[in-house]
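If you're matching them up, the sequences are chains A and B in order.
Going left to right, the first sequence walks through residues 1 to 384 as this note's numbering numbers them.
Going left to right, the second sequence walks through residues 385 to 938 as this note's numbering numbers them.
Just so you know, these hints were derived from the structure itself, not from any lab.
Be careful, since some hints might not be right.
Okay, the calculated bits of chain B under chain A, using three or more residues with CB under 8 Å as the criterion [unchecked claim]: (1) 747-761; (2) 768-781.
Quick list of simulated restraints, FRET-style, between CB atoms [to be verified]: (3) A:T148 x B:I900: 32 to 42 Å; (4) B:Q574 x A:L128: 55 to 65 Å; (5) A:T148 x B:Q574: 54 to 64 Å; (6) B:L895 x A:V246: 36 to 46 Å; (7) B:S732 x A:G118: 37 to 47 Å; (8) B:F728 x A:G165: 32 to 42 Å; (9) B:S732 x A:T148: 35 to 45 Å; (10) A:R25 x B:T869: 14 to 24 Å; (11) A:I5 x B:I900: 50 to 60 Å; (12) A:Y344 x B:L872: 49 to 59 Å; (13) B:I834 x A:R25: 44 to 54 Å; (14) B:I834 x A:G223: 56 to 66 Å; (15) A:G118 x B:P894: 44 to 54 Å; (16) A:P185 x B:P894: 27 to 37 Å.
We put the beta carbon where it would ideally sit given N, CA and C, even for glycine.
The primary structure of each chain is shown beneath.
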Amino acid sequence: MKKKILLLLILIISVLFTTSCWSRREIEELAFVIGIGISKTEEGLYTVVAQLANPSNIVAEAPEQRSVYTIVKSEGLSIFDALRNLSLIASRRLYIAHIKTILLDEVVAREGVAEIVGFLVQDMETRLESNVFITKLPPEEIFDTPNTVGAIPSFVLEIAAKNYGANSKIYVSDLQETVEAANNPVINYVTTLVEKVPTPSPKEMQYFRLTRIAVFDHDKLAGYLDYEEGQAFNFITNNFRNGILVFKYATEQDTIAFEVLESSTDITPKYENNRVSFDIAVSVEGNIAERISHEGHSHEIDIELVKKQLDKVIEDKLSKAVYKAQQDFGIDYFNLSGDFFRKYPKEFKEMKENWNEVFSTATINIKVDTTVVHTALNLNRGRI
Amino acid sequence: MRKSNGKHNKKPKKLIQEKTNIVKSTELPELLFYEMDTDDKKSLQQEVESKKPTLMADLQININMIKSILNESDDLIYRSFSIPTKPSIKATVVYIENMVDARILETSVLLPLTQTVGERTLDERDFFYSNKESLLEEILINADIEVFTDINLIINKILVGSGILLLDNYPKAISISMSKGAEREYSEPQAEKVVKGPQQGFVENIQTNIAIIRKKVSSPNLVIKNMELGRETTTKICVVYLKNIAENTIVEELFNRLNRIDVDGITGSQYIEEYINDAPFNLFPTILSTERPDRANAMLLEGRVVIICDGTPFALVVPSIIADFFSTPEEYYSNPYFATLNRFLSYSGALIVMFLPSIYIALTTFHQEMLPTRLALTLAGTRAGVPYPAFVEALMMEIAFEALREAGTRLPTHVGQAVSIVGALIIGQAAVEAGLVSPAVVIIVAITAIFSFTIPYNNFSTGLRLTRFFNMALGATLGIYGIMTGILLISLNLISLRSFNVPFMIPFAPLSPQEIKDWVLRVPQWAITKRSTHITKKNITKKPDTLRPSPPKQ
Chain A
1 MKKKILLLLI LIISVLFTTS CWSRREIEEL AFVIGIGISK TEEGLYTVVA QLANPSNIVA
61 EAPEQRSVYT IVKSEGLSIF DALRNLSLIA SRRLYIAHIK TILLDEVVAR EGVAEIVGFL
121 VQDMETRLES NVFITKLPPE EIFDTPNTVG AIPSFVLEIA AKNYGANSKI YVSDLQETVE
181 AANNPVINYV TTLVEKVPTP SPKEMQYFRL TRIAVFDHDK LAGYLDYEEG QAFNFITNNF
241 RNGILVFKYA TEQDTIAFEV LESSTDITPK YENNRVSFDI AVSVEGNIAE RISHEGHSHE
301 IDIELVKKQL DKVIEDKLSK AVYKAQQDFG IDYFNLSGDF FRKYPKEFKE MKENWNEVFS
361 TATINIKVDT TVVHTALNLN RGRI
Chain B
385 MRKSNGKHNK KPKKLIQEKT NIVKSTELPE LLFYEMDTDD KKSLQQEVES KKPTLMADLQ
445 ININMIKSIL NESDDLIYRS FSIPTKPSIK ATVVYIENMV DARILETSVL LPLTQTVGER
505 TLDERDFFYS NKESLLEEIL INADIEVFTD INLIINKILV GSGILLLDNY PKAISISMSK
565 GAEREYSEPQ AEKVVKGPQQ GFVENIQTNI AIIRKKVSSP NLVIKNMELG RETTTKICVV
625 YLKNIAENTI VEELFNRLNR IDVDGITGSQ YIEEYINDAP FNLFPTILST ERPDRANAML
685 LEGRVVIICD GTPFALVVPS IIADFFSTPE EYYSNPYFAT LNRFLSYSGA LIVMFLPSIY
745 IALTTFHQEM LPTRLALTLA GTRAGVPYPA FVEALMMEIA FEALREAGTR LPTHVGQAVS
805 IVGALIIGQA AVEAGLVSPA VVIIVAITAI FSFTIPYNNF STGLRLTRFF NMALGATLGI
865 YGIMTGILLI SLNLISLRSF NVPFMIPFAP LSPQEIKDWV LRVPQWAITK RSTHITKKNI
925 TKKPDTLRPS PPKQ
């Protein structure tokens with residue numbers, strides 16, 4: 001018994017003390033990197049900008065807007081080199097497990113994102129949930145946009161990205177999707193461009209806005225989609241959550257805003273006589289949320305008619321977007337290749353190399369079925 | 385009185401042996417031989433159908449009839465005397481020691497029947513011998529006297545605290561009410577308070593405690609065994625159980641362990657606990673102590689054995705399981721849903737007490753990536769400027785809290801308040817303002833403290849509180865991996881525990897849904913129909929499963 005206890009004691013003591021608290025780091029000694037921006041100098045050096053949180057100012061009762069974060073910038077021959085060079089400046093140990101926002105400069109994005117994100121993922125600390133944005137401005141300018149609520153700009157960007165479900169006009173990829181796209185040569189990467197917009201009034205602080213969807217030829221930036229095309233993109237890729245579709249009611253010239261509550265897309269690839277075609281069936285459900293009467297006349301709305309018109313409106317929207325993808329870009333950024341591959345894996349193997357060409361010439365049939373649940377309009381139209 | 389008690393306590397063994405022969409030879413009614421520990425329904429039927437056994441003329445046979453039903457208890461007294469009629473009549477008063485007021489017995493039964501009769505004239509005494517009814521009518525001066533011939537009724541009367549007078553050659557028994565009057569000798573329970581429910585606790589006096597139990601459980605199956613422990617102190621202890629429910633092996637094992645105790649003195653029930661504990665080195669107690677008679681009674685009905693020690697208002701209950709330490713009597717006096725919530729609070733409280741400070745340490749020193757970003761930033765912000773590592777900081781505060789709690793319980797109430805003010809102000813506020821500790825640690829310590837108070841039994845939560853320091857050291861050196869090791873060690877330890885051969889971790893290990901119904905959840909009374917098969921094997925059914933009330937059908 002005594003021997004047993006002694007053995008146990010020795011074991012416990014050696015376990016506790018010989019480890020000497022390996023990899024221990026106190027939380028207050030860490031510099032939390034909330035956002036990271038990557039760009040390139042004209043000489044070809046990589047530049048890394050890190051947005052660091054200032055925790056003690058965050059918990060202060062009334063922090064100044066600009067004091068909650070610090071921005072540090074460094075250059076290096078590679079991204080890792082540049083990141084390590086940051087530690088020459090930073091007063092604390094850089095801790096990149098809490099990155100929320102990754103900004104990629106447009107120039108870097110045109111060269112290809114695969115190598116950049118490759119490094120970020122190889123580092124064991126990063127988590128894959130951070131959002132990736134493209135910027136035309138230098139990343140530090142986006143990061144240095146203080147706001148009145150005193151939030152770190154990277155957090156604001158994260159919230160803006162999460163809000164996409166309210167309008168479905170943009171699509172933000174997180175780091176995991178980025179890595180998947182970078183690793184799979186067939187996938188064409190898609191994410192969103194962030195821009196600073198002019199202030200609405202002279203004394204208001206500047207803020208940024210997610211303006212366009214950036215589409216890539218595999219991992220190289222190819223161009224941008226506007227909000228109309230953005231909605232169509234989300235419809236086709238089955239990412240449409242909520243959003244407003246505005247159109248003119250045919251008979252009366254009323255402006256009607258239709259609020260989409262649910263949308264689901266079914267893509268059926270076909271391969272007949274060496275021709276690739278896709279049937280895209282979209283079913284949409286929603287309410288008429290708003291109506292602006294033409295010249296103030298009030299009249300009844302024919303739900304059947306609205307439905308028919310809506311089908312047409314959405315179909316037009318999608319056709320336009322598909323046309324742009326096929327003709328202007330010649331890139332399958334909807335990633336229909338995945339659907340095709342799942343149904344015709346053998347055939348896909350042959351076309352893999354020049355899939356974008358196959359896509360450009362494919363027939364794409366779009367069918368929309370809308371359900372108008374109810375008008376959601378008051379009978380007395382706002383008069384109380 | 386005391387001398388005669390001693391005599392009677394030692395004699396019965398011999399007497400019983402003699403009498404069993406008599407009992408058999410005279411062919412007593414069936415009831416005496418039926419055993420309660422057959423199936424409940426059967427025994428109930430038997431009771432209804434059986435012929436009512438009545439008294440015989442012979443005094444000794446009558447006494448034997450009573451003994452054969454109440455034979456196992458040590459507190460039954462047979463006081464024999466003779467009434468000086470001409471010739472004298474042998475008489476016996478049967479009563480339960482702790483429930484009868486000896487003074488009433490002396491002045492209203494013994495004194496009149498001996499002295500008063502003796503002072504009568506020879507003729508009268510001769511008349512009394514042949515005419516016992518008038519003897520009783522004239523001599524007995526009690527207010528409450530009843531005459532019985534049915535043995536079951538007689539037993540009931542004994543069990544509620546009356547004395548039974550039996551005369552030789554007289555086939556009737558006279559029950560004389562002489563139970564102790566004062567109900568409020570006992571104090572309010574101090575540690576196990578309830579809002580709704582009996583406000584009665586055990587007291588230091590063992591006789592009162594036995595009387596309390598006897599009054600609440602007036603069953604002929606209740607067995608009370610007397611023992612004396614300690615060479616110098618000769619402390620009285622009583623072992624109480626229901627012979628038709630409690631498992632024989634457990635009772636035997638308990639007596640074996642009690643008989644082993646050869647010490648100079650016992651000053652409280654806690655001493656006994658340490659001598660009969662299954663795991664004497666363990667951090668966790670495997671024997672419950674309660675100061676509530678209602679809890680003790682409920683435990684008796686589950687088949688447990690209760691040990692009462694003279695001088696301590698705490699009764700020990702064996703075997704005990706982990707669920708006992710997480711349930712309070714209050715839960716049985718309040719809404720089942722709320723009671724279940726309380727159970728969950730105390731079970732989760734145990735986990736929080738053991739692991740919350742260590743998890744805080746592990747997360748802030750090793751696993752910052754596991755915190756949500758904003759929480760991580762807030763913690764980092766509050767820790768900024770604190771000169772100690774998180775472990776030292778948390779350890780300091782935990783020790784300070786334990787000291788504060790100890791000081792608060794030991795000191796008299798008014799000084800205790802001063803201590804808590806100093807503690808709350810100095811430690812809670814000034815230390816944070818001075819930047820010596822971070823507010824987060826103060827919150828962690830406070831949460832741990834509050835949850836440690838949700839565990840109703842203090843002696844169990846002390847064990848949990850001690851493991852906390854061990855876990856903190858593990859968390860500070862090995863992070864979450866260390867805490868996992870701590871969880872593993874503690875659960876292995878708990879699962880290996882046994883209390884009188886009953887697994888300590890039931891109903892969790894072995895997992896038993898039937899027992900979870902009563903011990904983890906608190907389902908309504910009508911749904912708890914079975915006793916635990918781990919504690920008793922012979923009498924499982926508590927009540928029929930048709931007791932759920934419902935509105936009348938129309």
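Outcome of the hint check:
{"no.": "1", "hint": "747-761", "in the structure": "holds (count 8)"}
{"no.": "2", "hint": "768-781", "in the structure": "holds (count 5)"}
{"no.": "3", "hint": "A:T148 x B:I900: 32 to 42 Å", "in the structure": "54 Å, violated"}
{"no.": "4", "hint": "B:Q574 x A:L128: 55 to 65 Å", "in the structure": "57 Å, holds"}
{"no.": "5", "hint": "A:T148 x B:Q574: 54 to 64 Å", "in the structure": "58 Å, holds"}
{"no.": "6", "hint": "B:L895 x A:V246: 36 to 46 Å", "in the structure": "60 Å, violated"}
{"no.": "7", "hint": "B:S732 x A:G118: 37 to 47 Å", "in the structure": "44 Å, holds"}
{"no.": "8", "hint": "B:F728 x A:G165: 32 to 42 Å", "in the structure": "36 Å, holds"}
{"no.": "9", "hint": "B:S732 x A:T148: 35 to 45 Å", "in the structure": "41 Å, holds"}
{"no.": "10", "hint": "A:R25 x B:T869: 14 to 24 Å", "in the structure": "21 Å, holds"}
{"no.": "11", "hint": "A:I5 x B:I900: 50 to 60 Å", "in the structure": "35 Å, violated"}
{"no.": "12", "hint": "A:Y344 x B:L872: 49 to 59 Å", "in the structure": "52 Å, holds"}
{"no.": "13", "hint": "B:I834 x A:R25: 44 to 54 Å", "in the structure": "30 Å, violated"}
{"no.": "14", "hint": "B:I834 x A:G223: 56 to 66 Å", "in the structure": "60 Å, holds"}
{"no.": "15", "hint": "A:G118 x B:P894: 44 to 54 Å", "in the structure": "52 Å, holds"}
{"no.": "16", "hint": "A:P185 x B:P894: 27 to 37 Å", "in the structure": "56 Å, violated"}
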